Amino acid sequence: MRTAVRIVLLVMLIAVVLPAFAQQPQPPPPTPEERLRRSWNDVMKKLVEMAEDFPEDKYTFKPHPESRSFGEELMHVAAVNTRIARQARGETVDNAALQKEFAYVSKADTVAKLKKSVGEVQVVVDSPDCLRLIGALEHAGEEYGKLTIHYRVNGLVPPRGRRQAEN
Amino acid sequence: MRKTLLAALVAIVCVAGTSARTKPGPAASANGPAEATLRAWNEAYGSLIEMAEDFPEDKYDYKPTPDVRSFAEQLLHVAGSPYFFIAVCKGERRGEEDFSREKYKTKAEVVAALKKAAQAGADFMREQGDAGLNKAARLPWESETHNALWVWNVGARHAAEHYGQLVVYYRLNGIVPPASRR
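If you read the sequences in order, they're chains Z and L.
If you count the first sequence from 1, position 160 lands on 160 in the working numbering, and the numbers rise without skipping.
If you count the second sequence from 1, position 71 lands on 71 in the working numbering, and the numbers rise without skipping.
For the record, the hints were derived by calculation from the structure and aren't laboratory data.
In this text, all values refer to a predicted model and were calculated from it rather than measured experimentally.
Hints may be right or wrong, so weigh each one.
As the list claims (entries may be wrong) - Under the rule of at most 25 Å between Cα atoms (straight-line distance), these lysine to any residue pairs were calculated in the SDA-like manner:
#1 Z/Lys62 x L/Pro177
#2 L/Lys59 x Z/Pro28
#3 L/Lys59 x Z/Asn154
#4 Z/Lys116 x Z/His64
Construct the entire structure; sequences and hints are all you get.
In structure tokens:
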């Protein structure tokens, strides 16, 4: 009988102690909202970095007369961000007026407007229903992809490519 | 002796009960995050397949500059990536699959490889569901372990970025991309 009690106590002890060792503290996997926020912030950071990095004299470069120029692509992203932010504030957005407001003027203006738009849309990114940005996120990724080729066609290496080459 | 065996059996049943309670719950609904990521995946790969089928074969080796991938190499790069993401999710080492232009010589072969790859990624996500995609996974270039859902999220955005690049390849060849023609 004493042996039986010992076995029960031993197995119970293992049952309590083993899971504590097996379950090393692991951070919980990110929620879909956290994933979207991380992706969004990553793409916007890369676009702002390109805006600041690209030479101003090439800002009007277009791969084709019907394409947007480098500056116009970035202003397009800024306009999309601003539209999302304004709609989230309950404002009515006039698309024609928005196009005019985000017409390309200069590199400094583009960088400033892009940064401002990233700041304004952050309220939506940080909100609980940020998953509705998934389409805008994919669109921003496409724009980033386009601009990497604008770099290459101008004989330049995009900032991320330069970092990869250094590492 | 019989009492000893009985005691051991009771203890094992208790332990089994404890361990069963620590297992994760069942998969989430069909409208969960796995489904949303699958939609983004299908959209990005759908656009790429449309381009692969549409772009003239005689321009498949076009490169905007010598140090970047050609149109066909871009598509083959995107065709190879789902197998890499599947390996990451399974915690396996990636096999050295050959997605070179030397292997996929014709437009038809490139299109077929891309379609097969898009399907492989979509099938994996569907099979795993929300519960399966919640398992820990780490991309080799990231220091933190996330989950499989994050891996496929990165995969969908990766495809979208290449789509954006190929839009410029179209324009540089004086061709309007399919999405803009609609």
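(Q) Hint by hint, where does the structure go against what was stated? Just the numbers, ascending. (A) Violated: hints 2, 4.
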